[in-house]
Amino acid sequence: MDQTPTSQSTAVDPATPSGPEKQPLQNAATSSGDPPMQDPVLLRLALGYVYFHFGFLKFFPDLSPAEWLAEQTVMKLLHQGLNPEHSLHLLAVFECAIGLGLIFKVFPRIISVMFFLHMAGTYLPAIYMPEMLFKIAPFAPTLEGQYIIKNFVFLAAGWTVLVPHAFGNAQRRRTSRETSQPPPP
Amino acid sequence: MKESLARLLGTVFVIILSVGITLTYERYKGTGLSRVPEKHLPREVPPSKEPIRSEDRNSAAPAPVPDPPAPTAGPAESPPAPASGGSDHLEGLTIYPMVTKGMRTPFDLWHYYGRGVSSFTSPDLPMRFEQWLDFHKRQKPELMKDVTAYMNGRYHFTGEAIPGAVMSGGKAIMKGPVATLAPGVATHEGLAQLSPEEIRTKDLFPYKPLAHPIQTVAHMVFPQSWIKVHPDHERIDVDMDIPEAYLPEFPPPMFLTTHKELGDVTNGREVTLDNYYEIFDGLLTPEQMEGLKELLRPSATTWFNHTNHRITEKPSKGVACFDCHVNGHSNGAFELGPDSRPNMARLRVDTPTMRGNYNLMQLSSKRSIRSMDHFAEVEEYFDGDPGMQQAIGPRAVKREVTNRMGDLNSILDYPPAPKLNPLLRLIPGKATEAELRGEALFHGKAGCVQCHSGPAFVDDYMHDLQVERFYVGRPEGPIKTFPLRGIKDSPPYLHDGRCPTLHDVVNFFNVVLELKLTQAEENDLVSYLLCL
Chain A
1 MDQTPTSQST AVDPATPSGP EKQPLQNAAT SSGDPPMQDP VLLRLALGYV
51 YFHFGFLKFF PDLSPAEWLA EQTVMKLLHQ GLNPEHSLHL LAVFECAIGL
101 GLIFKVFPRI ISVMFFLHMA GTYLPAIYMP EMLFKIAPFA PTLEGQYIIK
151 NFVFLAAGWT VLVPHAFGNA QRRRTSRETS QPPPP
Chain B
186 MKESLARLLG TVFVIILSVG ITLTYERYKG TGLSRVPEKH LPREVPPSKE
236 PIRSEDRNSA APAPVPDPPA PTAGPAESPP APASGGSDHL EGLTIYPMVT
286 KGMRTPFDLW HYYGRGVSSF TSPDLPMRFE QWLDFHKRQK PELMKDVTAY
336 MNGRYHFTGE AIPGAVMSGG KAIMKGPVAT LAPGVATHEG LAQLSPEEIR
386 TKDLFPYKPL AHPIQTVAHM VFPQSWIKVH PDHERIDVDM DIPEAYLPEF
436 PPPMFLTTHK ELGDVTNGRE VTLDNYYEIF DGLLTPEQME GLKELLRPSA
486 TTWFNHTNHR ITEKPSKGVA CFDCHVNGHS NGAFELGPDS RPNMARLRVD
536 TPTMRGNYNL MQLSSKRSIR SMDHFAEVEE YFDGDPGMQQ AIGPRAVKRE
586 VTNRMGDLNS ILDYPPAPKL NPLLRLIPGK ATEAELRGEA LFHGKAGCVQ
636 CHSGPAFVDD YMHDLQVERF YVGRPEGPIK TFPLRGIKDS PPYLHDGRCP
686 TLHDVVNFFN VVLELKLTQA EENDLVSYLL CL
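Residue numbers (the working numbering), protein chains in the order written: chain A, 1 to 185; chain B, 186 to 717.
There may be inaccurate statements among the hints.
Said to hold, decoys possible - Distance condition first, Cα-Cα at most 20 angstroms in a straight line; then the derived DMTMM-like pairs of lysine to aspartate or glutamate:
id: 1; chain 1: B; residue 1: LYS330; chain 2: B; residue 2: GLU315
id: 2; chain 1: A; residue 1: LYS76; chain 2: B; residue 2: ASP293
id: 3; chain 1: B; residue 1: LYS214; chain 2: A; residue 2: GLU85
id: 4; chain 1: A; residue 1: LYS76; chain 2: B; residue 2: ASP319
id: 5; chain 1: B; residue 1: LYS701; chain 2: A; residue 2: GLU85
id: 6; chain 1: A; residue 1: LYS135; chain 2: B; residue 2: ASP424
id: 7; chain 1: B; residue 1: LYS325; chain 2: B; residue 2: GLU498
Claimed, not checked - Now the in silico label distances, taken between C-beta atoms and shown as ranges:
id: 8; chain 1: A; residue 1: LYS135; chain 2: B; residue 2: THR442; range: 56 to 66 angstroms
id: 9; chain 1: A; residue 1: VAL163; chain 2: B; residue 2: SER304; range: 45 to 55 angstroms
id: 10; chain 1: A; residue 1: VAL113; chain 2: B; residue 2: THR372; range: 22 to 32 angstroms
id: 11; chain 1: A; residue 1: LEU82; chain 2: B; residue 2: ARG454; range: 42 to 52 angstroms
In case anyone wonders, no lab produced these hints; they're calculated from the structure.
Beta carbons: idealized from backbone N, C-alpha and C, even for Gly.
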């Protein structure tokens, strides 16, 4: 549904006006005769959903299985400057914002920055409390460790979904913004 | 068009998800899975007013008739925030953080409440033992840095002593009050002039509870002076947080009711398994000797034992009663009272003396234990969780043995108080003016004698001092009155040691009992307490 040429900033469809610009990698793909890359809609929505769901859980004590990990990490990051509940809520706001940003495809730059900060944050427990993440570091993770290692997939997904959208060249972005204004309902 | 449809679907999806999670949480609360106690649920409806309202609804007019008694009882003291009883005490509190063994806990645990995941603990660590050591090697320096900063924020530990005042064995007694006042309160005397509401709403109370620095492990923390002699009790995770000068002397003298003529029977030594026989043979009965030996014999505890579930680097032989109650007194070691769950709700307790316990009808701050024999059986070696004994090894003290421990306990005497007569009043010829004024205040304006009377200066009741009137926090509930005979030897004061000096306790009671004593009067009371 999202694949109108106007709204896709990552896809390289030779038919779109933004197509023939300098995007070496993607141009290469097209010119080699491979099928054109699609806007990864499902990936974006899946990522957005997971962010929003797991983020929203953190507003409720007990519901998030990552609660202790998240609280301890944020508290440690802020030098115990926030109490556990507020730490968790801070993270909840952050994750929900990223989730909504992805689902609704808004504020790509801000969301990208938040996303990469958040991703960096998820790896902090490996520095702060490696014992909780590895039975024997670095190749035998605990469940929590596995949960964090799995974030490499998130990182890659975020890269694919967000980077071209947020940091593609200026003209393309302008074009896509102008044309993607939804008509008034 | 497609774009707006996508947005609409996205919005619907987000709403379904949010509402779904919120409704799920409503079902989750109060179940065994949740840390939020069921009490949390009906909070919005003040329970006291409920019946009246339903009456209102049922019958149209007659409400005014049953009502009057309430208003007359009410307005006399207008209800301050926490005083209305019931679940109002939850106001301003947040749920305990989710933590596992070894993790740090907030120092202001009085702001938290909630249920534990379980009443029972397990003998397992959340990681391999080598990792456990690494974890604490990294965490301990940071933790101790924060603990020190926190304690120095709460107290000005100046190390200034009261001129000429010493404990029974000669250690200097520290001067106070050392509790740090909030900005805007100039003096401790000034603090006592303020109303509970003002102190509470402006957050001015300097005597809030002390938590154990690492309440997920908690357990016994010994002073450094004692660790120096018993290095096997050094913990990998935490050290004592109160400076040595503000703790009891080590080793303290030991006095026996049966040998008053000898004074300190130990001659300045710490009684141990190695020397007790030599010191006491020919002075004690065989039963008392056996009791003493048992008080000196280490037993495995939750965290001091030979398994991996420990907080010492090497396996530990365990802990003996006299490791904390050194020479039948106290070295200021603290732990958590084993009387509640979750562990974060347990109150920090510092070791009370065993001197003069023969006069006490109630033992321990909250458990109201009625005999020393019983106490020797239940001592908090397993943090109130006998299930742990299965894994770690029981203390294996049979009734006959604990009786004998009680036999020895009951001859541990108070230190001498040469200024008191047999009725425990000051002898005017021996006492100073200040001490006599203090005694008059104790029995008069300050009203201390209401709870601190008789030969041990104790009433053997538990009192709810309602200290939560002065700060936003979980109420601590009734605590037993501690005896004041020999009190100069037992800093820090109150069950958790939140008052490092006698000046601090006197100021505490001045505030909490709203006595409006002057600084001079507080000092006189301290002079008096030093004589007991």
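Against the structure, the hints come out as follows:
1. B:LYS330 to B:GLU315: violated, 24 angstroms
2. A:LYS76 to B:ASP293: holds, 16 angstroms
3. B:LYS214 to A:GLU85: holds, 16 angstroms
4. A:LYS76 to B:ASP319: holds, 17 angstroms
5. B:LYS701 to A:GLU85: violated, 38 angstroms
6. A:LYS135 to B:ASP424: violated, 28 angstroms
7. B:LYS325 to B:GLU498: holds, 13 angstroms
8. A:LYS135 to B:THR442: 56 to 66 angstroms: Cβ of LYS135 (chain A) to Cβ of THR442 (chain B): about 57 angstroms, so the range 56 to 66 angstroms holds.
9. A:VAL163 to B:SER304: 45 to 55 angstroms: holds, 51 angstroms
10. A:VAL113 to B:THR372: 22 to 32 angstroms: The hint (22 to 32 angstroms, Cβ to Cβ) is violated, given that VAL113 (chain A) and THR372 (chain B) are roughly 51 angstroms apart.
11. A:LEU82 to B:ARG454: 42 to 52 angstroms: holds, 50 angstroms
Of the hints listed earlier, those the structure fails to meet are numbers 1, 5, 6, 10, in rising order.
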